[in-house]
Amino acid sequence: MGGFSGISAGNGWIISALGISVVFFGLASLAFIISYFPRAINWWNDHAQTPRHVFPLLGGVFGKGRRKVPSILGEGTIHEPGDIKDAEEALRLLTAHMGEPFKLPRLIEVAEQRGLVRVHSVINRLLVRGIIVGGADGLFRWAKGSENEGPLDRYNGDTTR
Amino acid sequence: MIPVDELKRYEIFAEMDLTELRLLSAMAEERRAREGEEVIRAGSPARTLYVLQEGGLMVVFPDGRAITLHKPGRVVGWSALVSPTHYTASVTCLTDSTLIAFPGSELLRLVQRNVVFGTKIMRKISEVLSRRLPFLQEKDKRLLKQRS
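Taken in order, these protein sequences are the chains called Z and B. Under my numbering, the first residue of the first sequence carries the number 302, and numbering increases by one thereafter. Under my numbering, the first residue of the second sequence carries the number -18, and numbering increases by one thereafter.
In case anyone wonders, no lab produced these hints; they're calculated from the structure. Don't be surprised by glycine CBs; every beta carbon is placed ideally from N, CA and C. Incorrect hints may have been included.
[Said to hold, decoys possible] Computed list of lysine-lysine pairs in DSSO-like fashion (alpha-carbon distance at most 30 angstroms, straight line):
# : chain 1 : residue 1 : chain 2 : residue 2
1 : B       : 52        : Z       : 445
2 : Z       : 404       : B       : 52
3 : B       : 105       : Z       : 404
4 : B       : 52        : Z       : 386
5 : B       : -11       : B       : 105
[Unchecked claim] Facing chain Z, from chain B, some residues (calculated, C-beta under 7 angstroms):
#  : residue
6  : 0
7  : 1
8  : 2
9  : 17
10 : 37
11 : 45
12 : 47
13 : 75
14 : 95
15 : 98
16 : 101
[To be verified] Residues from chain Z that keep clear of chain B, each with C-beta distances beyond 10 angstroms, as calculated:
#  : residue
17 : 305
18 : 309
19 : 313
20 : 329
21 : 384
22 : 401
23 : 421
24 : 422
25 : 425
26 : 428
27 : 444
Generate coordinates for the entire structure from the input sequences, incorporating the hints supplied.
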């Protein structure tokens, strides 16, 4: 006995289908697990130092709804204090590459190229609060000591400047 | 048209009498601009002088240096009153802003007709100009020197 009749006689079709199914479900499961990696990494970054929140947050990580991650690469709205702080950090990184003092229009241009949203508004707030200061030479600098302040110390209740 | 009382708030018009303020009020218009919007482009014909009513502006000079204006009453677009009437810098809104726009031709006509008014407004413009002179390009400085 050989050929197709041999395969049929030895349950070859069923075994092949079973093998394909096992591989398919294996790969699908792997893809499902990998799809949660970014959330798990974000969660780890945000909460690694607060172990008492581990169990409640596990529900958030693996829950149905997608966790809202505060981001400056989002929908174009800036909420204080978190988003401004994030934007400030991103701008500080950019100016670290550009060097100080820096040209403000260039910083805005580079920040927009990097995908930061509402850069003008963010910079306006930093200027009004004296975190970025302009010199008589038309160049801008970060105010001395501003990088050492905690974000909440600087932003809470600060609406008058 | 912008109310006289509104214009009186700003330092540039502080020396104006009621008649002069009424003339300015008649020609002034409110202009709203969005965050990131370029209100003035360097090199383009200067047709309007603006006074900042609310918001924040960034004045960008051709070499990439800049100054920012946040205080109401700050003036941009002085080139509308000074030959060769082309803007020497670009102006972009840092946030949603409200500006008072004065048509340069009408303002210049008023300056030419009324010597007292002309002296007052040009004194204020020269104050603005002196603060921004370090940022101007050499060719613009030369032109201004020739005019003066």
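Is the claim that residue 428 of chain Z lies outside the interface with chain B correct, judged by CB distances over 10 angstroms? For residue 428 of chain Z, whose nearest Cβ neighbour in chain B is about 6 angstroms away, the distance does not exceed 10 angstroms, so it is violated.
Given a cut of 7 angstroms on the nearest C-beta pair, is the interface hint for residue 101 of chain B held or broken against chain Z? violated (27 angstroms)
Interface exclusion of residue 421 of chain Z relative to chain B, criterion Cβ beyond 10 angstroms: Non-interface label fails for residue 421 of chain Z: nearest chain B Cβ at 5 angstroms, not farther than 10 angstroms.
Against chain Z, is residue 75 of chain B within 7 angstroms by beta-carbon distance? holds (4 angstroms)
Using 7 angstroms as the Cβ threshold, decide whether residue 47 of chain B counts as touching chain Z. holds (5 angstroms)
May I ask you to test the interface hint for residue 0 of chain B with respect to chain Z, counting a Cβ-Cβ separation under 7 angstroms as satisfied? violated (37 angstroms)
Can residue 17 of chain B be said to touch chain Z, with a Cβ gap under 7 angstroms? holds (5 angstroms)
Can the hint on residue 45 of chain B be confirmed by a CB-to-CB distance to chain Z that is less than 7 angstroms? Because about 4 angstroms separates residue 45 of chain B from the closest Cβ in chain Z, which is inside the 7 angstroms limit, the hint holds.
Beyond 10 angstroms from chain B, beta-carbon-wise, is residue 384 of chain Z? holds (15 angstroms)
Given the hinted pair residue -11 of chain B and residue 105 of chain B, is their alpha-carbon gap at most 30 angstroms? holds (14 angstroms)
Residue 313 of chain Z: least C-beta distance to chain B exceeds 10 angstroms? The claim holds: residue 313 of chain Z sits with its nearest Cβ about 67 angstroms from chain B, beyond 10 angstroms.
With d taken as the least Cβ-Cβ distance between residue 425 of chain Z and chain B, does d exceed 10 angstroms? At about 4 angstroms from chain B, residue 425 of chain Z fails to clear the 10 angstroms cut-off, so the statement is violated.
The structure is inconsistent with the numbered hints 6, 7, 8, 14, 15, 16, 23, 24, 25, 26, although it conforms to all the rest.
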